[in-house]
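Put chains B and C on the given structure of chain A with help from the hints.
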Amino acid sequence: MKATTNPAGSHRRDKKLQHVFAHIALVSLSVLFVIPLLWMVSTSLKPIGETLTNPPRWIPSHILFNNYPDAISYGSKELGYIPLLVYARNTIIITILAVGGAVLSNSIVAYSFARIKWPGRDLFFGVTLATMMIPFPVLMVPTFALFKWLGWVGTFKPLWVPAFFASAFSIFLLRQFYRTIPMELSEAAKIDGCSEFRIFTDIIAPLSRPALMVVALFTFMGSWNDFLGPLIYLVDQNTFTLSLGLQAYQSQHGGTPFNLLMAASCLVILPVVIVFFLAQKVFIQGIATSGLK
Amino acid sequence: MIRRDARVGVLFALPWIFGFLIFLAYPLIASLLTSFTSFSVLRPPTFIGLQNYNELFHDQVFYQSLTNTLLYVLGAVPLTAIVAIGLALLLNTKVKGMSIYRTLFFLPTLVPMVALGTLFLWVFNGDYGLFKQAFLKVGVTPPGWLTDPTWSKWTLILISMWGCGQAMVIYLAGLQDVPVSLYEAAELDGAKSWAKTMHVTLPMISPVILFNVVMSIIGSLQIFAVPYVMFPGGAPARSAYFYTSYLYDNAFQYQRMGYASAMGWVLFLITLALTLIALKLSEKHVHYESN
Amino acid sequence: MTAREVVGLSAAALVMVLASIAGDRAVTREGRPDKVTVTYWEKWTGDEAKEMRKVVDAFNASQDKIFVQYLSISGVDTKTMLATAGGNPPDVAGIWLEQIAQFSDAKALTDLTEMARGNGLNSDYYIKGYWDPLNYRGKLWALPSTPASIALHVRPDLVPADVATPETFPQTIEGLDKLVDRISKKKPGGDLEMAGFLPSNPGWWNWSWGMYFGGKLFDGENLTLDSPENIRAYKWISSYAKRFGAKEVQSFQSGFGTFASPQDPFMQGKVATEINGVWKGSYIRVYKPGLKWFAVPFPYPEDRPDLKGHSHLSQDVLTIPRGSKHPKEAFEFIRFVQRQDVMEGLCKGHGKNSPLQKVSEAFFTTNQNKFIRLFDGLARSPRAFNPPQIGILVQLRSEMDVAFQEVSTEKKTPEQALHDAQQRVTTLWTTYKHQVLNR
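Chains as they are written, first to last, in numbering that gives the first Met the number 0: chain A, 0 to 292; chain B, 0 to 290; chain C, 0 to 438.
Hints were generated in silico from the structure; no laboratory data involved.
Glycine included, each C-beta is placed from N, C-alpha and C at the ideal position.
There are no misleading hints in this set.
A few chain B residues facing chain C, derived, Cβ under 10 Å:
no., residue
1, 40
2, 58
3, 253
Which bits of chain A does chain C cover? Going by a derived footprint, with three or more residues having C-beta under 8 Å, they are:
no., region
4, 93-101
5, 152-166
6, 235-244
Extracted from the complex, chain A is given alone in its bound form (with noise of 0.2 Å):
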């Protein structure tokens, strides 16, 4: 052990440069990781003539505020609709169903695993993680023609029927929360004569709040952001939700308004910003509680 002359002295030197540094550090990157986003903004923002400038400017010559109506209004003249509140009506429909299906059946799901016995449950968790690692393209195919056979291929119910069935994930995440709910406390309920439905519904989904906020947040951001699933299964232009709408600024042959383009995704991306930052801290402390160890 190397003997230094001034531990404590040392050491409250060592933290303090530890934080400075940790400081820049954290200044600097952020404002790297930021820049794309402020780009999209101040693009957002631009005459359509701004857009492409060599070298690019930051400040618009003039703000156009008047952007964002227009980026909500684009094509709306030869559609007879407002394309982009179309398109984010769906989308809440179809997010509101999957997230409240989630947290349904999940905890649940997770609930039985992890703390009724049953024979078999074990092996059978097992075997939901290992589904993990399925990739979706191998079940592209035929859970497609699945849904073309119900006739679902057109509507929403592909995007959020499944969500009513659990999910690997989500089980898994939940079913480490449940197991660091003393039994104890099951017990004496069952004791008392209560059942393992009323066990749930009132003793061990109060105290869950942080991790179905979890699972209700992953599954917001997931179903909000979906690309590839409204891809498949969506066909009519008015049906279509925010993350495949924004495709249609970019006509068939080319021509994009990007600043209206950059308007619309920064209307998309606001309400996931904004439940993210209020439901932060909650978000946070349901993974640690969940324990993904």
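What follows is chains B and C alone, placed relative to chain A:
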């Protein structure tokens, strides 16, 4: 008692049992069966045995898309992990304004694919892009991020690193679980920051690292949306044509569902293999807390 | 659970039920109970959609038995194929001419031969270059919605005075190349400032250059991607990479604005000449009115005067997918579109020429494209060419595109690139013949 438990347990697990059977087991098996057929959607499938696999193994585009994908995984997984862990470590020093930084780093993951793709088309633009301007200021000629076949994958890797926010948040949560007592013990032994990180922090979060790396491998093998938007057709010269892109084209553009199913199964086997390798390699390095 | 929690959960459940009902409503299509509804899926958005909607509205107003519903569908070809497979196709599908062979081979289309014959829609009614490719294996599978022909557009202000008119502009490819050498400008650092011509601009037809040199992709039985003419074409393409520098071209081109804007490269003067379709004039009128330009047939190779006056033809077409619930009514609508006045109105709205043999004088004289007669003439010329009719055309085009990129980025020699492409498609073709055509 046990029988009642069993019934309730299975009852509660029913949604997943059905989900597993309908959305995982059935498609997986159906996909395998379809891979032995020629199925152009409009006609009923005709059994052709192993022809699809035979054709696959002689298909240059298959090999090219697979190589592109593996190269991408090789670059994106470690680099994204390093950035995510690095950022998490920085954020873990409990500096002021942590929640703001956290949001900023997480923001990129919230951007929808099409916007992301289009945004980066402009950031990397050869004439007007930010990158070119930044490079020029330093006096270096930038490579053709979007147009040079040797660089297109690097562009995507950079974008992946930029989107490490989700993994970062998980690492951060993991870091916060490391008992402070361990750090104190290390400090008493005279360990400086770097040593603490290497010998305490990283081993303690090694299960989290393993989890994230495995998920990252699985996810990166399936890359589709961003190249779909930024590099249609895999241009330039199919350098950005990935496995799922080719699978999607076979299924939906060329009407070759049987062939696409064969590709899907090959991908599944590759994913399995890589995951098992990762798990095996990690045995020596991952330190689990006894529960 | 507490009362509050029960209320909360019930509210959440109610919201979800409402959402699913709203979702179902959002995806159902409006129909008229008293009329036969014909669903029409079309690829167009924006202004082009607007023009077709006018036609649809006119048809709906002209009779009271059929209601045509126009829907903008992105990826209309894929979606139509899948919907047909699912037994629920649209009644009219607006796809591309290039797909007729593929769709027909897959038995995805309704045979229109009888219906057309009964309505006088035959080879006399249409320009040959447009009529022929609508037929495949002896049957008619589609009728045009809008056609197009392609020519070289030139900016007289960017070329020397001695070649600045249609009459004096070089007619051979060699002449064009010499002109390009004369007028192209580079910036001090080596970057391009103005290119006389770029084969990769606008980039939609990168796969078709072989045809301009007399090369075919498919001779009816065998694939000929690496024929001498195609190789010669790709050598010509690589000459541009050498002339300007592959990296410089890429960098230059990545800065091009979109064609539906004043930043279009031709309008901005970044290129002095550009190969483009008849609709180019409309865009210039909208985004850079007053810009002087003219059009000439794309040059031909010096030693191939038999190719002079050639042009690549293409069409947007209307088809009736197999399994459509209302094929007769669907054909009623398609027939309406083929009426001379309707067709001319639609084509004029799209800035395109007409596919019909008979064209009214008014179509020419009131057409805002000063060179409409040139495009019309190019379409009528026996030298006009169409893409090959083969079920794997999509893959062929892909391979030729890739070969183009490989040659432009100097990753492969023309011989190598085309030879590799030929190898790949030969396997594909054998498999296709075996599995789809049962040959």
